[in-house]
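Let's have the full structure, built from the sequences with the hints guiding it.
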Amino acid sequence: MARIEVEPGSFAMVDYDAATIGAVAGRMADGLGVPSDEEIRIEVDESSPLARWSIASGGQGDEPIVLKVDGGAFEDTRRPRQFDERRTADVVGRLLLRVLDRRRADFAGAPAEEDLTLAQGVAWDVYAVGRLVRMGHDGQRQRRLYQFRNRHGFSDAADNAFEHIWNADRLTWPELDAISAEAAARPVLEPDG
Amino acid sequence: MRKIFPADLLARDERFLRQTQEARLADPRRRTSTPDNQTKLTPHARNAPDRARALMHGIFVGEVQALEGAGRTCFDFDVGSGPDDVPFEMKMDMARQCWDEARHCEISVKLSDHMGTELGEFVENTTLYEAACNRDPVLRLTGVNRALEGLAIDVFNTMREFGRMADDPVLEFCEDWMLADEVTHVKMGSDWLRRMTEGDRERLDRALEFQKVVDKVFSFNGFRGEDDDSPIQLTRRFREMAGFTPAEIDDIAEMSRESRDEVVTA
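Protein chains in written order, with our numbering: chain A, 2 to 194; chain B, -13 to 252.
Don't read these hints as lab results, they were simulated from the structure. We put the CB at the ideal spot given by N, CA and C, even for glycine. Incorrect hints may have been included.
Partner residues are not named here, just some residues of chain B that face chain A (Cβ under 10 Å, in silico) [as the list claims (entries may be wrong)]: (1) E8; (2) R10; (3) R17; (4) F108; (5) V109; (6) E110; (7) T113; (8) E116; (9) D153.
Pasting the structure below:
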């Protein structure tokens, strides 16, 4: 199993356990085929109830894979300040799949994380979560469709594009980007932070 | 059957979990982070779809509690002219409101399906229902029909605008129809407040003071206001249609600004 490091090692504002987060991340890394000699560092900002996340490092060379997440991303929405294993698996799995995708030659043309449009980012999420669902994870399909529609339009074309991406197991970046671009029924929205 | 029904005995199945206002205020992260709902909800924000889902779920449980509150007001008071009584026609209006709120619950459930939200996915807070438990029916009119249903006008208008900007015809259409009902509910509150306090200035003042307290509680650190970046926009036009005077709307706007300033300077 890949070596998992969780920061902080203990939590004061939320009822999370670093070892449990590490175990969930380890299972996801194994299931997704992250090499066992890799190190994954997960930095949790427990002071934030928001659910933002970022990939600070994709783990090239000797660097570990570094995922930064707000504490709210791992939180049970029904029980504030409590840990949610399902959401954690969803976030970590989605980010690790994105890291692994970026290592493929056919994803070399993908923009840097901060340069992805909202539509591109959501299309990539759909591609990742669709694969996670086929591995047995809960993907909240309708929630993902709603997100996709918000970025590509509430139209049959957008729904067909979603189906294509959701059911795909091996897309290249040019293919994923083209499906997203063709589905968009209106000018692409740019993120405002 | 029991009158003045306590919030902790409201019927919910195992999908729903509650958080008390005390627990919400005790969350230490409130002191270190700006909550997600303190910035304007627009489709341009990265997390906009998930924020809209959470807000819609809040609307859904609000509709359930509004139904329960209006239902209690139908039942808790006898018909008559005494201080604890209400006119039969007011009960009829509350019954009509129950009908509307039940329909809003059904619409909200379908909107939750549309947005990919499970019922009970987010924690429930029963502060809205608690405001509907006052022993004076006139204070219920101000606390619920004017303060909370007034807030509902602002929330529905904001969600309708979000649906319009996102080109989501389902959300925009549903919010528009519910908004029309909320204007009616507030208007009923304004009309009955005037009729039931005619010649009783003290009762009217007490009721309006209670309305201010409820408005303050639901200001949520000034999240509802007239600034461009207010998460929930105070909706002057619909409030005027519902019987608010411009001075009353000014007061709410000022209260929101003060709440927001308190957060900024804290």
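Against the structure, the hints come out as follows:
1. E8: violated (12 Å)
2. R10: holds (8 Å)
3. R17: holds (9 Å)
4. F108: Holds: closest Cβ of chain A sits about 5 Å from F108 of chain B, inside 10 Å.
5. V109: Holds: closest Cβ of chain A sits about 5 Å from V109 of chain B, inside 10 Å.
6. E110: holds (9 Å)
7. T113: With a closest approach of 15 Å, the T113 of chain B hint is violated.
8. E116: Nearest chain A Cβ about 19 Å off; hint violated.
9. D153: Holds - the Cβ of D153 of chain B comes within 10 Å of chain A, reaching about 6 Å at its closest.
Consistency with the previously given hints fails for numbers 1, 7 and 8, ordered from lowest to highest.
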